[in-house]
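Line by line, the protein sequences give chains L and P.
Each residue of the first sequence is one higher than the one before, starting from 1 at the first, in this note's numbering.
Each residue of the second sequence is one higher than the one before, starting from 1 at the first, in this note's numbering.
Incorrect hints may appear among the rest.
Example chain P residues on the side facing chain L (calculated, C-beta under 7 Å, incomplete) [claimed, not checked]: (1) Ala-4; (2) Ile-5; (3) Leu-40; (4) Leu-47; (5) Pro-48; (6) Ser-49; (7) Val-70; (8) Arg-89; (9) Phe-94; (10) Thr-96; (11) Tyr-98; (12) Pro-101; (13) Asn-122.
FYI, nobody ran anything at the bench for these hints, they're computed from the structure.
Idealized CB from N, CA, C, for every residue including glycine.
There are 2 protein chains.
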Amino acid sequence: MEDAIRNFVEQGEAYRWSGVETKTYNAAESQSRGMSKQILFEADENLPSELRYFESEPGGHSALERHHHVHAVLVLRGSGSVMLGDHVRRIRAFDTVYVPPDTWHQFYADADSYLGFLCLVNCDRDRPERASESDIAGLNQIAAIRDVIRF
Amino acid sequence: MEDAIRNFVEQGEAYRWSGVETKTYNAAESQSRGMSKQILFEADENLPSELRYFESEPGGHSALERHHHVHAVLVLRGSGSVMLGDHVRRIRAFDTVYVPPDTWHQFYADADSYLGFLCLVNCDRDRPERASESDIAGLNQIAAIRDVIRF
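Next up, chain L with everything else stripped away, as it sits in the complex:
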């Protein structure tokens, strides 16, 4: 029963949990920058979903991607913005974001703030699709997001 509880720990500037492994991403392969991931609850036979914590360093961002599965996101710390479809919106701690199926999205930390968010997904899900050159050409036609997206 003791391992049922994982204590939150601040490790320097980063948010960490006891007994939870932190994955950092290779920037080139992931098309993200300054991002890390911790799986707070893995899916099991009793819960068909996974709750992950993603953290971006100040100025960092997630990969530009879309997929059929949805994301249910709750910002846990800091501030930044999210590109969702053809919109960009400000987000800050405790705001929630629902990323619908097949919708381009990307999360950005402000230059002077970490952005940490919980992301809930179905355990049974498709792999993310990254933007191709023609996708990017299409996205660049949308004035509201043209200067925001990073890849």
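Go by the hints and put chain P onto chain L.
Here is chain P on its own, set in the frame of chain L:
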């Protein structure tokens, strides 16, 4: 797309989200005290889980209950304690708690602090079982939890 984002709002002392209904409990019927519930993400065809936010006023507590479905909990604010099986443990903001199947559990806010926590559940789940008099007699045999449980 605009309603994909729900802004966090502090309403007096309480944590609220734009466009999310707050349910408060009748203390006698719920066997809880000072608790409210907000469903941040309802289950849908793409996500078979529900993410709820429960908040207890200072000194309040959830119902003493068990059920076959599991809870994946992340504390969002404040401090308190949790009774889980035959243990009581301190919890504070951002600690996580996994409530296994068929395990008696109860959450308590400290007397001088709100306790707010996210609780992730399978959308397909059994109803909670409340403690009967004989359950309570059994629980009262356990020294570690005898003075803590409330019903």
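Hint check:
no., hint, verdict
1, Ala-4, "5 Å, holds"
2, Ile-5, "5 Å, holds"
3, Leu-40, "5 Å, holds"
4, Leu-47, "5 Å, holds"
5, Pro-48, "5 Å, holds"
6, Ser-49, "4 Å, holds"
7, Val-70, "4 Å, holds"
8, Arg-89, "5 Å, holds"
9, Phe-94, "3 Å, holds"
10, Thr-96, "5 Å, holds"
11, Tyr-98, "5 Å, holds"
12, Pro-101, "6 Å, holds"
13, Asn-122, "6 Å, holds"
Taken one by one, the earlier hints all hold for this structure without exception.
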